[in-house]
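Now for the letters of each chain:
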Amino acid sequence: MQSKTFNLVIAGVGGQGLITLLQVLAQAAMDKGLEVRTSELHGLSQRGGSVSVHIRLGEKVYSPMIPKRQANLVIALEMQEALNAVPFASGRTTFLINKYQSPTMGQGVSESYIKSAITGITKKSVFLSANEITEKELGNSVVSGSFFLGYAITKGLIPFTENDIKEAIKKVMPEKHWDINMKTIDFAKQYHEK
Amino acid sequence: MKDVLKKSGKAILLGNEAIVRGALESGVQFVSTYPGTPASEIGNTFFHIAKTAGVYFEFSINEKTALEAGVGASFSNLKTLVAMKNFGLNVAADALMPFCYTGTGKKGPTVIVVADDPSCHSSAQSEQNSRPFAYMAHIPILEPSDPQECKDYIKLGFEISEKLSLPVMVRLTTRVAHQKMPVVLNRIGAQRPSRGFVKDQNRFITMPPRVLEQHRELLDKIEKIKEIAEKSPINKIHVGAKSKKIGIITSGVSYLYVREALLQLNLNLPILKLGFFHPLPEKKIKNFIKGLNKVLVVEELEPFLEKEVNILAKQANPKLEILGKDVLSEVGELDPDKVASAIAKLAGKKFKILESRTKRVKHLPRFCTGWPTCPYWKLFAAVKQVAPKNTVFGGDIGCYMMAALPPHNLYNYLSCMGSSLGIAHGVKKATIKTGKKQKVIAFIGDGTFFHAGIPAVMNIVYNKSNPLIIILDNRITAMTGHQPNPGMGKTGMSEDVPQIKIEEILKALRVKHIKVIDPETEYAQLTKTIKRFLTKDEVSVIISKRICGLLAQRALKKKNAK
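Protein sequences appear in the order of chains G and V.
Per this note's numbering: the first sequence = residues 3 to 196.
Per this note's numbering: the second sequence = residues 19 to 580.
Calculated from the structure, these hints are not laboratory results.
Check before you lean on any hint, since a few could be wrong.
To be verified - Cross-link-like lysine to aspartate or glutamate pairs, in silico, EDC-like; alpha carbons within 20 Å at most:
# : chain 1 : residue 1 : chain 2 : residue 2
1 : V       : 28        : G       : 169
2 : V       : 482       : V       : 556
3 : V       : 533       : V       : 514
4 : G       : 172       : V       : 21
5 : V       : 575       : G       : 181
6 : V       : 575       : G       : 169
Use the sequences and the hints to build the structure in full.
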């Protein structure tokens, strides 16, 4: 088993900025001298469809796709999408789940089903209303991804420091987006779920 | 995307961006493409950097014209790259075959990038494996595993192409094209001064009897490339533990799954990793399998490599047991677990793919929401409101494909680019012949109309049938990431050009009934026209013209920011 590889699944729907989050993490990993690979999906999924992207980093990384049950962390930017990451999860996986639902055509699942499904796999799951929190505190829910990054740093769920991520954001995002994302990371750091 | 032009060091690149970087490092001069996912980002990246990089770049109107433009540039001694998705190569095949016979211009090496999409993440039509073009066109094919190799293989492709004056194909799959990793950057190559088109009838004309000589020359070239392949470090052997007398042959992204799976299984087996799919380094393969009792061939989709290994084993090691598609599916992409399961069977180990019983949820892609909204919501509402029950609806390739999904569930057939019209004609003729008076409404987007719709309209007019055609003109090629097309007055070099008006093309094709309607603001007009046009004895066309909602939203944002 590859205990040294860090595996993260980001699940959501097209248009939530998953690819940007991956790029920030990949940049941070490269800057630390780690090997890193991502697996992304572009295309149809842009139009509000399900998207799952993978990032793996460590001393030696081969497959861009995470083997089953080996995710260290799942960030689900849409609550129902957390279920699509389940094959990659085990008791050692932490789930950070956004309490936001994008409608599916008649096959939606309830919050309680999602909660019981995830807690049935791992005790480490956190549900946060990131869209509402960021909308209220930062004026824009588009940074909910960065909010989860900040949260993950504070809880030690990703192998990066606040500085690593902030530096990476500067390299990856256009300058006009730096300020709100830095503020989001700062805000997430002192955020305590009630 | 901006990192593609970084001077040196390392950059996190998508496979498709690494293709662009490799071409730039090779000193590429001429690039043409038709957008198609998973190859789209190659064109999108050139679209952004072509001017800065001093490279000519165009979005051609389809893959055949893209390749032909590339052939012309190559004949005129420019270093040329042409990119497309798998189905694009079918469209371009007519140009590809003779190009391999003539070969490239002496100083016009050419690399053709083709992206397959196992599991059809962003493809309808078929789960096409483009490898057999190697057999049909005798084009050498290289298969990278990751972005670093994308860059390296493009450069190697140009070298081989220049040496043998033969185009070289680099075949990607989704998990290579859409994989990111740090890529080592070398210097961007200087472009050679152009020598122009140097006339050489013996070379550039494929007519008998010369064409037969060219066939022979082509086969000889492939023999020479075989020698290159035998020595090439991209066909590499990972030695591993030989004691078990079992080994693995693989290529492309499957190689990465093999390495991953071996870690999972705690095995260290010999691996032959092939960077060449065609021509294969036969001696190297024979040497690899000579000492083995069992070999596993790990490849996605059809067992083309496995068949080759079977043939080689007959000569080199007839007792060799060959595993391949008996332990790996021929349908759908591979992943580390599927490969681990196959290797476990090879090595007599236990490995179970862990399936989860948790319900999965699928967010289907849909027409964009927000305001200004996607014009297709209204259009399809109008069609559903007034079309008679037994109407046959033909779909085509583009965003409007999504009308096949809930809540619309509209189409009755959907096939390849432009075919909504071509098939509509056949359906119309057949239903008239059988006395069934079924109405046919065929949908086609502006990009797809320019790509392959025009000949179909001409055939409909010429051979007299009367489907109702609805052209969804949203002023851009939207689905693949908003590339410009001839209808909207911009080129791949961001130059302004006159807009080609679809209604004028239709008039020239002698279509009698044409109406341009904005589905958002002229809804009543739209429903009325659909009803009226469905009664016509001749073909009729509604051009539903309104800008893509996403584009409109972006424009509005920009305006508000000012």
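Cross-check of the supplied hints:
1. 28/V with 169/G: Holds, at about 16 Å.
2. 482/V with 556/V: 7 Å, holds
3. 533/V with 514/V: With Cα atoms ~26 Å apart, residue 533/V and residue 514/V exceed 20 Å; violated.
4. 172/G with 21/V: 13 Å, holds
5. 575/V with 181/G: The hint holds at about 19 Å.
6. 575/V with 169/G: Violated, at about 28 Å.
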